Amino acid sequence: MYLQKLSVFNYKNIQEANIEFSPRLNCFFGNNGVGKTNFLDAIYYLSFCKSHTNPIDSQNIFHEADYFVLQGNYLIGGKEEEYYCAMKRRQKKIFKFNKKEYERLADHIGRLPLVIVSPADENLIREGSDERRRFMDIALSQFDRSYMEALMSYNKALYQRNALLKNEQMNKEDSLYEMYDAPMSDYAGLIYQKRREFIAAFQPVFEHYYHSVSDRSESIGLQYRSHLEQGNLQEQLLRSREKDIILGFTTKGIHKDELEMQIDGYPIKRVGSQGQNKSYLIALKLAQYEYLKQAGKKKPILLLDDLFDKLDASRVERIIQLVSKEDFGQIFITDTHREHLNMILQDNGKDFRVFHIENACICPI
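Residues are numbered in my numbering as their position in the sequence shown, beginning at 1, plus a constant of 3.
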């Protein structure tokens, strides 16, 4: 699978661009703030129906325009496929596959598997547990339809239960909670089991990539924690109901799950150096790539945004050697330094394209 051509119109600071890509390696270079990340974000959008950097669609429209349009032409299994997205202010988003509009955007997720490595990955370590749950959800939803459907249904029931908890006139009615607690428990059981299986299979792949990226021998790990370790969720929801009514939200469930990121048995958030954190996060995403490739039977697109920032030369060299292997499919890389890109190109023969970006205008070199 690879993206042959991308058309962008009024997306973020890009007024118009039509670009043809190499099926292997595509490099964007230019100064900070010129729009390199926005081109990667347009590719990301076509996979996930949303921006990686800004979830508010109206803010992704070029500031003087009324709408944006993205179109990608892909070659998948020897067949050409066209994906089209249009977003107009104050109107519903339109997303099409081969000129036919999706009934639900969720039906698109997983068609164009993609992994992104970006500076925002630091939030996986620094921020709260919702970031780490999102990492699991993005990985699993791209190849497991039953997981995504269960997650959507759980979140809908959770939203309704929280609304009931806040309703002082109705939040004492036991029968109303039964409408949400039982299905929430069923969905949570499936989600919990699939997250456990994912982490168990993911861990050895992650360890392999960490030690390939880093030159150190420390042990690394991922520990999945959930309220469901304590038993059936429906019983826990019943026991916590009075507390939930006082607080106005649901305190038990898979929406509180945690993925503990450890190094030598300690939280990496507390003990990890800058280099260890960077290696950890890159290994996490490369392992996600490998897992998606094996589960989905096709190579995802890999976006590497400002990958080499704050990395020493030895780590840069090891990462370049890794992504240059045939294990990886189509890759998009941004960097401010042409020298880094030249190092990558030396290991990739002639199958590449280089683009210079300035003021959101892209020029092939």
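Don't take each hint at face value.
[As the list claims (entries may be wrong)] Straight-line Cα separation of at most 25 angstroms, BS3-like style, residue types lysine-lysine; simulated pairs: (1) K272 - K53; (2) K301 - K259; (3) K246 - K53; (4) K82 - K246; (5) K91 - K169; (6) K301 - K159; (7) K103 - K328; (8) K197 - K301; (9) K197 - K302; (10) K82 - K8; (11) K197 - K96; (12) K259 - K8; (13) K302 - K328; (14) K99 - K328; (15) K82 - K301; (16) K175 - K300; (17) K175 - K246; (18) K169 - K159; (19) K197 - K99; (20) K8 - K328; (21) K103 - K197; (22) K91 - K103; (23) K95 - K159; (24) K272 - K8; (25) K197 - K300; (26) K53 - K99; (27) K102 - K8; (28) K95 - K82; (29) K169 - K197; (30) K175 - K53; (31) K272 - K259; (32) K328 - K296; (33) K301 - K272; (34) K197 - K175; (35) K259 - K300; (36) K159 - K246; (37) K175 - K259; (38) K82 - K197; (39) K302 - K82; (40) K8 - K103.
Derived by calculation from the structure, the hints in this document are not laboratory data.
As the structure is a prediction and not an experimental result, all values here were calculated from the model.
Now the hints, each set against the structure:
With a CA separation close to 28 angstroms, the supplied pair K272 and K53 exceeds the 25 angstroms bound. Simply put, K301 and K259 have alpha-carbon atoms about 32 angstroms apart, too far for the 25 angstroms limit, and the pair is violated. Our distance criterion of 25 angstroms between C-alpha atoms is broken by K246 and K53, whose separation comes to about 36 angstroms. Annotation: proposed proximity of K82 to K246 is violated, straight-line Cα distance about 55 angstroms (limit 25 angstroms).
For the hint linking K91 to K169, the alpha-carbon distance of about 34 angstroms lies beyond 25 angstroms, and the restraint is violated. For the hint pairing K301 with K159, the CA-to-CA distance comes to about 31 angstroms; that exceeds 25 angstroms, so the pair is violated. With a C-alpha separation of about 36 angstroms, the suggested pair K103 and K328 falls outside the 25 angstroms cut-off, and the hint is violated. Restraint check: the Cα-Cα separation between K197 and K301 comes to about 21 angstroms, which is no more than 25 angstroms; the hinted pair holds.
Distance restraint check for K197 and K302: the Cα-Cα separation of roughly 22 angstroms lies within the 25 angstroms cut-off, and the hinted pair is therefore satisfied. A C-alpha spacing of about 14 angstroms is found between K82 and K8, which places the hinted pair at or below 25 angstroms, so the restraint holds. As the CA atoms of K197 and K96 are separated by approximately 31 angstroms, the hinted pair breaks the 25 angstroms bound. For the suggested pair K259 and K8, the alpha carbons sit about 41 angstroms apart, so the restraint of at most 25 angstroms is broken.
Taking the CA atoms of K302 and K328, the gap is near 13 angstroms; set against the 25 angstroms cutoff, the hint holds. For a cut-off of 25 angstroms, the pair hint linking K99 to K328 is broken: about 33 angstroms separates their Cα positions. The straight-line distance between the Cα atoms of K82 and K301 is roughly 14 angstroms, inside the 25 angstroms bound, and the hint therefore holds. Between the alpha carbons of K175 and K300 the distance comes to roughly 50 angstroms, so the proposed pair goes past 25 angstroms and is violated.
A hinted pair counts as satisfied when its Cα atoms are at most 25 angstroms apart, and K175 with K246 qualifies at roughly 12 angstroms. Note on K169 and K159: the hinted pairing holds, with a Cα-Cα distance of about 16 angstroms set against a maximum of 25 angstroms. Proximity of K197 to K99 is assessed by CA-CA distance (about 30 angstroms); at most 25 angstroms being required, the pair is judged violated. Between K8 and K328, the direct Cα distance comes to roughly 23 angstroms. Compliance with the 25 angstroms bound is thereby established for this hinted pair.
Restraint check for K103 and K197: not satisfied, since their Cα atoms lie roughly 32 angstroms apart, outside the 25 angstroms limit. Taking the CA atoms of K91 and K103, the gap is near 18 angstroms; set against the 25 angstroms cutoff, the hint holds. Restraint check for K95 and K159: the C-alpha separation of about 20 angstroms stays at or below 25 angstroms, so the hint holds. For the given pair, K272 sits about 40 angstroms from K8 by alpha-carbon distance, which is inconsistent with the 25 angstroms threshold.
Note on K197 and K300: the hinted pairing holds, with a Cα-Cα distance of about 19 angstroms set against a maximum of 25 angstroms. Taking the CA atoms of K53 and K99, the gap is near 14 angstroms; set against the 25 angstroms cutoff, the hint holds. For the hint pairing K102 with K8, the CA-to-CA distance comes to about 16 angstroms; that is within 25 angstroms, so the pair holds. Distance hint between K95 and K82 is unfulfilled; the C-alpha atoms sit about 29 angstroms from each other, more than 25 angstroms.
For the suggested pair K169 and K197, the alpha carbons sit about 31 angstroms apart, so the restraint of at most 25 angstroms is broken. Taking the CA atoms of K175 and K53, the gap is near 39 angstroms; set against the 25 angstroms cutoff, the hint is violated. With a C-alpha separation of about 19 angstroms, the suggested pair K272 and K259 falls inside the 25 angstroms cut-off, and the hint holds. A hinted pair counts as satisfied when its Cα atoms are at most 25 angstroms apart, and K328 with K296 qualifies at roughly 14 angstroms.
A C-alpha spacing of about 33 angstroms is found between K301 and K272, which places the hinted pair above 25 angstroms, so the restraint is violated. Restraint check: the Cα-Cα separation between K197 and K175 comes to about 34 angstroms, which exceeds 25 angstroms; the hinted pair is violated. A threshold of 25 angstroms between alpha carbons decides the hint, and for K259 with K300 the separation of about 31 angstroms lies outside it, so the pair is violated. Our distance criterion of 25 angstroms between C-alpha atoms is met by K159 and K246, whose separation comes to about 21 angstroms.
Proximity of K175 to K259 is assessed by CA-CA distance (about 24 angstroms); at most 25 angstroms being required, the pair is judged to hold. With a CA separation close to 32 angstroms, the supplied pair K82 and K197 exceeds the 25 angstroms bound. Pair hint K302 plus K82 holds up; C-alpha atoms about 15 angstroms apart against a cutoff of 25 angstroms. Between K8 and K103 the alpha-carbon distance is near 19 angstroms, which keeps this suggested pair within the 25 angstroms criterion.
Going down the numbered hints, you'll see the structure goes against 1, 2, 3, 4, 5, 6, 7, 11, 12, 14, 16, 19, 21, 24, 28, 29, 30, 33, 34, 35 and 38, while the others check out.
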